[in-house]
Amino acid sequence: NAGVTQTPKFRVLKTGQSMTLLCAQDMNHEYMYWYRQDPGMGLRLIHYSVGEGTTAKGEVPDGYNVSRLKKQNFLLGLESAAPSQTSVYFCASMGPTGKNYGYTFGSGTRLTVV
Amino acid sequence: AQSVAQPEDQVNVAEGNPLTVKCTYSVSGNPYLFWYVQYPNRGLQFLLKYITGDNLVKGSYGFEAEFNKSQTSFHLKKPSALVSDSALYFCAVSRGTDKLIFGTGTRLQVFP
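Top to bottom, those sequences are chains C and S.
Numbered continuously in this note's numbering, the first sequence closes out at residue 185.
Numbered continuously in this note's numbering, the second sequence closes out at residue 252.
Pulled out of the complex, with its shape left as it was, chain C reads as follows (with noise of 0.2 Å):
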């Protein structure tokens, strides 16, 4: 099925560990999104990207990188997790201008450091 993959779905880290979420679409879209959902917070943008070869920092970057290297998959990183860290994570995509303008979302990826 079209849409947005995330992986993986669950993760616990120790603090200081790295890690890699990977997140795969299959729409041809240009723009890609990283969100983190927090309680009462709503999402916060982290990093996103129009195009390949292209990334851009949002509300929350620190403390995580980002790359798209392909068109269809954009990379969070976390070098050095931090129990603040603890979140659900989201991506996210949207189609070219003209078009939908809303986003489809992946179905997230639930990250606990302890």
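It is possible that some hints are incorrect.
[Claimed, not checked] A short, non-exhaustive set of chain C residues, derived as facing chain S with CB atoms under 8 Å:
hint: 1; residue: G111
hint: 2; residue: Y174
hint: 3; residue: G179
[Claimed, not checked] The calculated lysine-lysine pairs, modelled on DSSO-like cross-linking and capped at a C-alpha distance of 27 Å, are:
hint: 4; chain 1: S; residue 1: K217; chain 2: S; residue 2: K189
hint: 5; chain 1: S; residue 1: K189; chain 2: C; residue 2: K142
hint: 6; chain 1: C; residue 1: K142; chain 2: C; residue 2: K128
hint: 7; chain 1: S; residue 1: K189; chain 2: S; residue 2: K162
hint: 8; chain 1: C; residue 1: K128; chain 2: S; residue 2: K189
hint: 9; chain 1: S; residue 1: K198; chain 2: S; residue 2: K162
Hints listed in this document are in silico derivations from the structure and should not be mistaken for laboratory results.
Computed from a predicted model, the values in this text were never measured in an experiment.
Glycine residues also receive a C-beta, built at the ideal position from the N, C-alpha and C atoms.
Given the structure of chain C, go ahead and fit chain S onto it with the hints provided.
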């Protein structure tokens, strides 16, 4: 800067009654407004959007929203609530291809 306010953390309504989930926004220029719904342990699902045109927008599952430019609001409504409508609802705003800014969410609880 763009921002969205959802003033109610939770809205409770009896099944069969009308429901309203409130949203106000702040954006320079013309707003692109969205409502998304999130069921437990799921991603966000698109409900409806306002880009231009008729101020009353109809979306999925019988929901609708009214764009009010003078009050900078985009409230979500449904004439008759169902227990299955219970979920977390997010309002969001953008300026077209610019990134979406989300509100903090409103939990809708529909009681039998």
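Here's how the hints hold up against the structure:
Hint status for C:G111 relative to chain S: holds, with the closest Cβ pair at about 6 Å, below 8 Å. Because the closest C-beta pair between C:Y174 and chain S is about 6 Å apart, less than 8 Å, the hint holds. The restraint placing C:G179 at the interface with chain S holds, with a minimum CB-CB distance near 5 Å, inside the 8 Å limit. The hinted pair formed by S:K217 and S:K189 meets the criterion: a straight-line CA distance of about 13 Å does not exceed 27 Å.
Between S:K189 and C:K142 the alpha-carbon distance is near 26 Å, which keeps this suggested pair within the 27 Å criterion. A hinted pair counts as satisfied when its Cα atoms are at most 27 Å apart, and C:K142 with C:K128 qualifies at roughly 18 Å. Of the pairs offered as hints, the one joining S:K189 and S:K162 holds, with about 15 Å between alpha carbons and a cut-off of 27 Å not exceeded. Taking the CA atoms of C:K128 and S:K189, the gap is about 25 Å. The hint holds against a cut of 27 Å.
As the CA atoms of S:K198 and S:K162 are separated by approximately 16 Å, the hinted pair is consistent with the 27 Å bound.
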